[in-house]
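A.B. asks: Since chain A is already given, all that's left is putting chain B on it; use the hints.
Order-wise, the sequence lines are chains A and B. Numbered as in the working numbering, the first sequence ends at 159 without a single skipped number. Numbered as in the working numbering, the second sequence ends at 357 without a single skipped number.
You may find that some hints are simply not true.
Said to hold, decoys possible - Where chain A lies over chain B, by a calculated footprint (3+ residues, C-beta under 8 angstroms):
1) 145-158
2) 166-178
Said to hold, decoys possible - Distance condition first, Cα-Cα at most 30 angstroms in a straight line; then the derived DSSO-like pairs of lysine-lysine:
3) A:Lys76 - B:Lys235
4) B:Lys262 - B:Lys65
5) B:Lys93 - A:Lys99
6) B:Lys65 - A:Lys76
7) A:Lys99 - B:Lys235
If you're looking for bench data, these hints aren't it; they were derived computationally from the structure. Quantities reported herein were computed from a predicted structural model and do not represent experimental measurements. Glycine included, each C-beta is placed from N, C-alpha and C at the ideal position.
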Amino acid sequence: MSKPIQCSLCEEAATVHLSQVVHGKVTKVHLCEACAQKGGATDPAVFQLADALAAATPAPTLTCPHCGYTDLDLRKRGRLGCPACWETFGEALDGLLLKVQHEPAHVGRAPAGVVPLAQLRRRLDAARLEMTAAVTGEDFEAAARLRDEIAALERQLAS
Amino acid sequence: MSVEDILAAESELTHLLGGQQAVVLSTRIRLARNLEGLPFPGWAKPPQRKETSDRCVAALEVLPKFRRGHVVRMGELGDRDRAVLVERHLVSKELAAGKSGAAVISRDQTVSVMVNEEDHLRIQVVKAGWHLRGTWHIAEQLDDALGGALKLAFSDRLGYLTACPTNVGTGLRASAMVHLPGLCLAGHMDKVTRALNQDGLAVRGWLGEGTEAAGNVFQISNQQTLGLSEDAILKHLGGWIKHVVEQEWNARRKLAQEEGEKFVDRLARSLGVLRSARLLTSSEAMNMLSHLRLACDMGCLPEERRHLVDRLMIEGQPAHVQARAGQELDSDGRDRRRATVVREALKDFPEVGPPTA
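Looking at chain A on its own, in the form it has when it is part of the complex (with noise of 0.2 angstroms):
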């Protein structure tokens, strides 16, 4: 035998079964015997009780620790909560971060005393390409600036 149903508001079996189809939509609500007494079973707020706990059921599955801030919260609000929910979302932002924007990486300013390494990274490597196909391209020139910009990146990045 199939495990019974259990009530929507208690952790009791549920007695009581009401539908209800509103524009084609059906909502189930079940309810035991006490909870269906308590709120009265033809009371149409218990649809939308029923409402709430559906929209309700997804629980957070991500948590900042440093505010408190939920997965739910970014979703509903498309903000973050702090600066630290950037690492604590990351990979659920990455997909939202190509939509908005067309790149994942930043390229630019960094406050004063910040050496923005993994951009230097990205530049070395681009620029060692560049290198490469600048001399297969026989442009000695671009391969003499690029020759002295990767130094220059090699340099900043051991020290």
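C.D. replies: Just chain B now, with coordinates in the frame of chain A:
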């Protein structure tokens, strides 16, 4: 109170004479910045917002740029004063709607830093006319000064961290406020907007996001903030603005040539109405002032009168009209008062002549 001083002062946008301001009314740079370790204002609790505000205002106040400037706290201002600041673009609607926001404004009103808007800090620099590099330079210096005084939230991979993913990276929004009556009259504005949108630029109305384009004034700005350097963002916007300005002049010259007397008649009628109307609504005033501005650009009116038209565009807005009157006015009262101010200002304006530009 400070807002009265702000209204009384000769500011960059209301009193700057001459310069290259045809088509581009103003250039604006905005940088979004946040403090490390504090929740963004939209998620912060009141004590955290207060801490943000205290720390940011303390760091800003002492900078040379804000010497003899203004510190305005939204919670201490009435509705009308806050609306005046919005109409002057010194604070956003969003900041003015809350109680915990503040703004630190330079004496000449070119720089305004909003605190506790969507981000902890929103640096805004505005210059009359088209001065992208000069405006950027001021913002850059201020950003360096702030970065030295406060620990800003920055990630190696994502750049400056912001509350909204649309601002992360450079946090830079560069924009030009452009007056495009030629393209509007010629019916080309939809096409221009589409082209700009397709290449990653946003086109908005006079007061920014979600506002209509009263007086043929539009704000054009970059959208992407991540993966492009500040320099690349400025170049991209600059190239398009140059192109839009050219298109606008082409449209104006074509209209003036094809319409002849009808073109001059349209501008002259607007001057006539503005000089004699007893009741003027805000949008009517904007649209007719737009014609006067066009007349100044085209040599139908002396060019040196243009700054007065620009000032009337700002001071003809509802909160400004009421602030000047020193009292709350109903809609009719505002229209009457606006008409009086405009009539007085245009009393000794010369007649509209044929175009020379």
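A.B. asks: Give me the numbers of the hints this structure contradicts, sorted from smallest to largest.
C.D. replies: 3, 4, 6
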